[in-house]
Each structure stands twice: as C-alpha cells, then as structure tokens.
Amino acid sequence: MDAEDQRATFAGTSSTSPASGSGHDRRTNPAAYVPERRLADRRNGRNLPASVLTPPTPPPPPHLDDYASIVGRAQIDALRFLAHELRGKSMRMVNSTALGGGVAEMLNRLVPLLSELEVPAHWDVITGGNDFFEVTKAFHNALHGSAYELTQAAKDIFLMYTEQNRQRMHFDEEMVVIHDPQPVGLVLSRGKTPASWVWRCHIDLSNPDRKVWDFLRPFVERYDAAIFSSQSFARQLSIPQYLFYPCIDPLSEKNRELSDAEIQQVCDDFGIDRSRPIVTQVSRFDRLKDPVGVVKAYKLAKKYVDCQLVLAGGGASDDPEGAAVLQEVRDEAGEDPDIIILDLPPWCALQVNALQRASTIIVQKSLKEGFGLTVTEALWKGKPTIAGAVGGIPNQIIHKLTGVLVHSVEGCAFQIRYLLTHPEFARTIGANGREHVKENFLMTTNVKRWLLLFRLLEQAKARLPKAA
Amino acid sequence: MASAPKAPARKPDAPFYFNTSEHLLRIGRYKANNLSELLQAMQACPEDCIFQHTFRTLQEHHFIRQGFSNDFAHWSLSSCNEPELAERLAGVDVRDFTAVEGIRHRMIEIIRDFVTAHPDSGSRPAHEPFYFCASDIVLLPTPYAPDTVRGFLDGLQHVSVHSIHHHFIEARLRLKRMSNDFSVWLEEDVGLNEAANDIERIDIYTNTMEGVRLKIGRIISQAMS
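Protein sequences, first through last, are from chains A and B. Under this note's numbering, residues 39 to 506 are what the first sequence spells out, in order. Under this note's numbering, residues 190 to 414 are what the second sequence spells out, in order.
Keep in mind the hints are simulated off the structure, nothing from the lab. Since the structure is predicted, the reported quantities are computational estimates derived from the model, not experimental observations. Every residue, glycine too, gets a C-beta built ideally from N, C-alpha and C. Hints may contain errors.
[Unchecked claim] Some chain A residues close to chain B (C-beta under 7 Å, calculated; not the full set):
id : residue
1  : Q113
2  : A116
3  : F119
4  : Q269
5  : A272
6  : Q279
7  : Y280
8  : L281
9  : H437
10 : L439
11 : N470
12 : E473
13 : L490
14 : L491
15 : L494
[Claimed, not checked] As a list, the in silico DSBU-like pairs of lysine-lysine whose alpha-carbon atoms are at most 35 Å apart:
id : chain 1 : residue 1 : chain 2 : residue 2
16 : A       : K438      : B       : K404
17 : A       : K499      : B       : K220
18 : B       : K365      : A       : K499
19 : A       : K249      : B       : K220
[Said to hold, decoys possible] Have a look at the derived ranges for each label pair, beta carbon to beta carbon:
id : chain 1 : residue 1 : chain 2 : residue 2 : range
20 : A       : D374      : B       : T395      : 41 to 47 Å
21 : B       : L342      : A       : L91       : 52 to 58 Å
22 : B       : D202      : A       : G229      : 51 to 57 Å
Based on the provided sequences and hints, a complete structural model is requested.
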C-alpha cells in the first residue's frame, strides 16, 4: 500500500494528528482543495451535490468494545490477554506525515486503541524542508522501480535531515516502529536505547532502483525486524521479515454500516438508478487503475447484460496527469448516459461507502497495485469483486472463492456478465470475501499483530545475555 | 433396529481448559517459480513452513467450504494451471498426520510423481511465485475452563474459531495421536465415547470452522439428551 494507493481510498482527514505535521501533501489537504473545479461533470450531466463540497467534521475514534459486535467478544478478549503482559511498556511510531495518506489514517486509529489496552503508543512525525521531501519522493518512486540517478547531493540532504530529526527525537520506549523509507535513518539512534527497532515498509520493494536500495539497505538491516504488506514486496534481508496486511476500520465513515435511506440519498444525489445493476470502480483517475479498460469491459459486457457503470475517483483537479486520464475516460465513455463519472473530493468517505454498498459488482482492474484497500472495502461490504491479479491483490482475492481475478479487458467483461447472471455464485464469493476481511484485514487484526510482534520481540530481548 | 443404550455422561474428572493460539506471519527465505522449484523448496524449507501452508492456512481460510484445502494445492491450480496435481494435493487430509514431517513427505511424493510423469510441467513458469511463510505462535488462555458438560457447551459457543482450530485440528500434532482435544476430554474425562468418535469424524474440508463448532455442539447435546 503506497501513499498514492492510499489516497485512492479517500482517506478521512484527522483532528488527532501529532504536532509538527509537515503538511507538504497538498493533495490530501482540504485547505488546498479547489471545489470549483469539481462542481460538475457536465459532459456526463452529473453535478456534485453541495453537501460534498466541504469536509465533514470527523467523528471521535471508536473504543475497543465498539468492535465486539463485529469481530466477536472472543477476539477482543484475545487482544486484552495479549496486551496484559505488555502493560506498562510503550511503543513509539514515527512516520513522515500527520495528515493524509493511509499510514496516518491507520495510525490515527491504531494509537488510541493501543493506549486503551494500556500499551501506550506515541506518534511522532519527522520534519524536513522541501528539499528533503523532494529527495524522499524521488526515493519512493525509485524504490517502486522508476529510473532515478542517485546523486551525492541527494544522499547528503537525506542524511542531514535524518541527523536533525535524530537530535530532536528521544526514544525511551521498549519498541520503536519506523514507517517507510523517509525516516529509516533514525535507526542510527538505536545504540542509545534498549528498544527493539522495527521498520514498517508500506511500499512494494520487489523491483527497486539498485542504487537507492543499496543506499538504504544498511539502515534497514540495523533493525530487529521488517514488516511488509505482501510476501511479494519483500527483499532478502538479514533480519526477520513479517507480513502485516494493510487493514480497514469497519467503524470508519467509509466502512460503517449504512441505512438504506443513506445509500438511497447518495444514489439520488448522483443520479444512479438502484433498480438496475450497478458496476462500480472506486479509484483515482490514474492509468495504473485502468479506468479506460473498465469502460471498455463494461461496453463488452453491456452487449449481453443491462447495467450502469460508476467510476468514482479523485485526483483530477490538482494533478495534470489525473485530469488527462479523466479526459480519456470521458472520451471512451462517449455519450452513454449509463456511465456515471464522479470526480470526488478526498473527504467523500460516506459517499464512497454508499456507492460501494449500492453496487451489484465492484471492479478494481488495476494494472499495478500495492495493496488495494478499495478491494478490501468492497469485500467487507460483501460485494462480488473483480480485480486485476497484480501486486497484493491475490492476497485479498482467492480466485473464485473470495472474488475473481482477471488479466485483461475481455476477462473483466466476461466476469461482469457471469456475475450478473449467476447471482448465487456472486452471493457466495461476496460472503466469503467479507469473512476473509473479518479474519485478516480489519483494524482489530492489525492491533493484534502489533501486540504479537511486541511480545515476541520482548521475549527475544529477555533471552539475550545481560551485558556485564 | 433399536440403538444401543448410550453410556451416561459423568461429572468430568478434570475441567476442559479452552485455549487459543494467535500467530504472526513471517516471510520465509524460500520461493518457487515453478513446480520443480516448489519440490526443491519443500524438501529444504523448515518444518514450520510446511505447517503454515497446510495446517495453519486452514485457520486463515476457515470460512471457505468450497474447495480450499492447502496453499500448495491452491497454487498448483491458480498459478500453475495443473488441476490434476491440485486435486491430488487437495486430497491430502491434515488429520491423517500426527507430525508435520509426515505431511511433508506425502506432498513431496505427490509432486515428484507428477513432475516425473509430466516433465514439461516442472519447468513451466508459474503465473505468480509461491512464497514460503511460517508463523510465530503465541498460546493464550481464554476465560473458559468448564468443569461440566453444560459449561463446556457454553464455552464452545463463546470461544473464537481460532480456539476451535487449536483444539480440533492442531491438537493431533501435540497429542501425537489421531484425535483432538475435545474427543480426548469427552472420552477420558466424561465417558461420552460415542460422541467423542462422532466428533472426530466431522469433515473439516466440507464445513467451515463455524460449522464444525455447531456440529460438535449438536453431537454433545444429542449424547446428553
């Protein structure tokens, strides 16, 4: 799950972010949003309702017991048992942004839950100038495989800000968790403390730029463990590597249960006819999400089955490439009144939730993907889901058991036809998909993984011979 | 035909302690890009990898009853497009084994036979690699330690499916016998021998773990009535 992918899920904004957020991410900052540019998709005749043009006030974070009705009391008991031995110990999480993006969204939920379990988690954000974030953005892209010429100047900038942050931060906790490559160098402080150090990598490292990886790898190998979001994203390392799937919060605005009236209201706002089948893809207007391919698949399927296509995304107003992709989608859609294209602001979590719940089928026809959180969201809503067999998606979709995987426009079109005409099979994979999420991809499972790792690292520390 | 009278249940000699196990997935060092590499890796990988992809994966996919058996079978079908091999691997019942080495040898035998009979299949690249994983496991107590059969049924209703998996499926590796913790307790401490046998015969591959829970409860309730 990289930062770009996370934005596609319309991360809610936070009021509980730590101090000193960098605020450098304009795309998820509501203050930087220009609503006029999203007022209408006139070519498709859809105006966005006024209710979505300003961000709503975020609800207070839920408590642990609020999850019991969803995951079962036994799961909550297990969390309490796990936390019991860790009582009094604490952890520190460090990432690069307090606002926007899936990592911040996840930490906003995780930190209060851990504290409720009496395993306090402190959350810090590194600081840096534009030059630092330009370098780390370039590193991010290079680690994803983009071409990049690593210079000594870039290394110096990275090391200088790492040192500044090290001087500013203190690590008094028993476990320190560093998220992603930007703050990876903080591990140089590990000699001063007895803490276990963990690197949580949210990005796909399967095909990194060699020079950037060679520069970062010595930092990574100073940690006690690394965590990846998929087996396929990991590297061969000298330290243990764990698998933590990215998770969703079933009580967030994007995933909570909705009343039929709430769903109907959103469909009415967007002119969607719930009496006819609805096929939906929720994602940024980005070529790697293949929205044009989805329109083509819909057209092929529509020769045999009646349906509407909803493409709900963002990223077109403030990203030139997004605007170009949106135009390509509109061109491919032509004048078809059953294709509904919605360029939504990033805070439209409730609307996305309602669109997903109103859908008959959900598609995520990505050509490249980290860990598709929109797939998890769709599965959680019990929807039969068709997704590209790329990145971390095969962890979420077990072909023909929890959804269907496709490799082409034609395959996607066939599966749309098949699922619309075989509702019993569609229901079965939808129900399996929801259970798959309940078992593996919910916030409570994420809390459990952190507690398990903390316990295991504490046990490992206890086995080490004491220094004389 | 009249059935034989049932042996009465006695007050249990010892409580049944419901425990549960939680696991953390560790990414292993082995990876296979085709069936021949899978065979090599299965011979070399640590035992906990085999455990993960056979026993433990059943817990992770406990809600599926339409044909999920183990990760090797699933990969043979979804990434190698070898339905015959997949069927044979899926036919390996983890409950036929009381040691992980036994299941490893059986899986290796099946794959070796298949690759020998279909040499082209061995080197054909899989659509996705197989990544070997393992689990670090933490055993946890639950609040349930009943000393009556009625209390057992109550505990059974409330524990997680992970606890059911722990006692019903993984137990044979601990016990080193073809049984499970529930059946052993019912037979040795309660005297419900017939119910213990019936529980051992529940098919885990055509039931979800919730289904297993229901069946165990039903069998014991019938034995008590």
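Hint numbers contradicted by this structure
Violated: none.
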